[in-house]
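2 protein chains.
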Amino acid sequence: VQLHFDQLARKSDSRILLVVLDGLGGLPRGDRTELEAAATPNLDRQARHSALGCLIPVEQGITPGSGPAHVSLFGYDPVEFQVGRGVLECLGVGLDPGPKDLCARANFANISGGVIADRRAKKENQRMATALCQELCAGLQKAIPCIGDVKVVIRSGEEHRFAVMFQGPGLGEKGLNDSDPGHEHEAPEEVKSSEPDAQKSARLANEFIRLCGERLAGRAQANGVLLRGLGLAPVWPSMAERFKLKPACIAAYPMYRGLARLVGMSILPAGSTWESGVETLALHKSEHDFFFLHLKELDKAGEDGDFDRKVELIERFDEEILPQLLGLGFDVLCITGDHSTPAVMRSHSWHYVPVMLHSGYVRPQVSVDHFGERDCLAGSLGRLYSKQLMAVLLAHAGKLGKFGA
Amino acid sequence: VQLHFDQLARKSDSRILLVVLDGLGGLPRGDRTELEAAATPNLDRQARHSALGCLIPVEQGITPGSGPAHVSLFGYDPVEFQVGRGVLECLGVGLDPGPKDLCARANFANISGGVIADRRAKKENQRMATALCQELCAGLQKAIPCIGDVKVVIRSGEEHRFAVMFQGPGLGEKGLNDSDPGHEHEAPEEVKSSEPDAQKSARLANEFIRLCGERLAGRAQANGVLLRGLGLAPVWPSMAERFKLKPACIAAYPMYRGLARLVGMSILPAGSTWESGVETLALHKSEHDFFFLHLKELDKAGEDGDFDRKVELIERFDEEILPQLLGLGFDVLCITGDHSTPAVMRSHSWHYVPVMLHSGYVRPQVSVDHFGERDCLAGSLGRLYSKQLMAVLLAHAGKLGKFGA
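Protein chains in written order, with my numbering: chain L, 45 to 449; chain V, 45 to 449.
What the hints contain is simulated information worked out from the structure, not anything from laboratory work.
Where hints are given, some of them may not hold.
Pairs count within a copy or across copies, as identical chains cannot be separated in the list.
[Unchecked claim] The calculated SDA-like cross-link candidates involving lysine to any residue, where the alpha carbons are at most 20 Å apart (straight line), are:
(1) Lys-195 / Gly-373
(2) Lys-244 / Pro-278
(3) Lys-329 / Leu-372
(4) Lys-290 / Ser-237
(5) Lys-144 / Lys-218
Assemble the whole structure, with the sequences as input and the hints as a guide.
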């Protein structure tokens, strides 16, 4: 038995801004985390009249990928609402798969004598240049515009990776395996499914792989293609249905726009800089009642193991972006991350994410010196799952009615 | 929809040590709990670079028995994975019941004129001496080696209590009642079940009680036997299956070894002293990647209401045991309890249990003076259910992959 937010949610004039600093949470280098080490006078001042807390992205101990980490911030259970890897790859390269489009994550590989010699088609142990991937993808797209009644859409990603989307009638997804066996020195797998409604998809995938092989034949490295994560884009209830919101997304990176599209957000132009995102926000602020502003760069600094760069980015947010956001007068302003990306780990992690929520109705905590992981431990929001945050935002915005009489 | 840890868990070289100080949590006598009153310089120093937190053994307000309190620390939902009382009693006396063996908790009683005069067969209001229980059990075992095609295994416990295990074909457990009505001045119940596959078990239990009565006839006090908690040992997925661990148990008390066996741990020799347990750990530390070290004595001091003894035991752990454990170089070291046993209550309690986790990837808290209940309140692990701890241990040991892309 669950609470149904759609029955409690109500329209109001108030507006919510959710700022996601991707990978915000960190771990100490010496004594202080990235956020604790950063000089952030504006965040600190804001924190003193905000409610602080700690978000658990998915579950205790679980390190989330970007998909589940965002889906939960949007108010959806990340275990119930999962996005397949093929779909995520298509979203990431900027494709817009519909619910009947079969998506796959693809990559160039070297196949020799029927077995996979190199799953990444490296040359002298160097990964493929993205420019070469783009060139090969353009060639494949030209050679394979369609297979039978199915349109084929190919788009290059980074290095050896690309995405494929198949658009046509009768494409099921159940039980489809990867053609990539996950190991070298093995033959690629034939794509199969025991489900009748995925037979066409399996045949299509195998034919696509065969046609790519024909086209790439004779190349020294990238002479074959492997497919993974074959699946259809999910059909989910929208944020409008679930929360009676009119939500909009401002994100420079395609994957986050794609995830936002899955929950029915309008996608606003973001440009490539933080400033252009804020400009868009200022321009459209009266047209929506929920804005998701995604800033990617902290996560990249964390993944690169660049503690100082992550600190600098936090300081730049504090100095240049936050004052502008505060000037826009949102009723609820929430600043958090989708997950932690500690520079010392060079990867996403399971650690809780600091969160700061400001509205006219927040409970204060004992005292706050600084917006950082340690201060958030004693915050008045306490510790909550990311998927629970949306209800807290709605409540602080006066957008949730009373439960029961 | 649930997270499946078996799909995220992965093998690695790192090693985890979980130290369970049974009944660790306490309540203040005057101002300080047992753990707060103890002088623990080593624990305090360790706490300063560890993550602290509070464990809820089963659920808010719920006082757990030893079974659920440990099952949850092993990463199993204690409500889903329950151990019957008969099975727990058999484990506690050192029997090793298999999944087809019917277990029961038994005790000597005084039966007079067909009704139970004393459920504990006391003499001049004194409980039976354990030595007498052992003598009576040896006699019964000799007189009743089997019943039909079923082998009977009898082993004495403390005072009037003993355990019985029936080993043979066709023993079901469904719907079996206790022969002990739970009150005096009533006749013992006939064991029955409405389930066809438990009919043989019911007949067997009644015949066992009848044979014991024949053998004990004429004794002034212990002239009958009552059975409770009839049931089969459960078959659970192992920790190897669920978490890809190769776990081992070091526990001086049989029941804890038995619980560890139910989740597939290897049982290492523990000796009877804390020092011998540590020696075993040192000797076998490279053979497993997860160790459960159980130290019982704090719980006994708590149950005895001996606050000072519990303090002394904590101080002895701090001075003599912890330095040796730290010297073994585990990647993840977690020190906690299975539940609280406040000396002022002389019993298990529902209060949260302090937990300290050390690894290279812990989030610090604001400051720690002392490893105690109050410092744990502001700990960076926050408050979590004991059943969630395992994922946190695995994460800190690099043994959990990313969820979603």
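Results of checking the hints against the structure:
Proximity of Lys-195 and Gly-373 under a CA criterion of 20 Å is satisfied in neither setting, with 46 Å inside one chain copy and 58 Å between copies. Taking the shortest Cα distances, Lys-244 and Pro-278 sit within 20 Å of each other inside one copy (19 Å), while across copies they are farther apart (45 Å). In this assembly of identical chains, Lys-329 and Leu-372 lie within 20 Å of each other by CA distance solely inside one copy; the values are 8 Å within and 59 Å between copies. Taking the shortest Cα distances, Lys-290 and Ser-237 never come within 20 Å of each other, neither inside one copy (39 Å) nor across copies (34 Å).
Taking the shortest alpha-carbon separations for Lys-144 and Lys-218, only the intra-copy value of 13 Å comes in at or below 20 Å, while the best inter-copy value is 39 Å.
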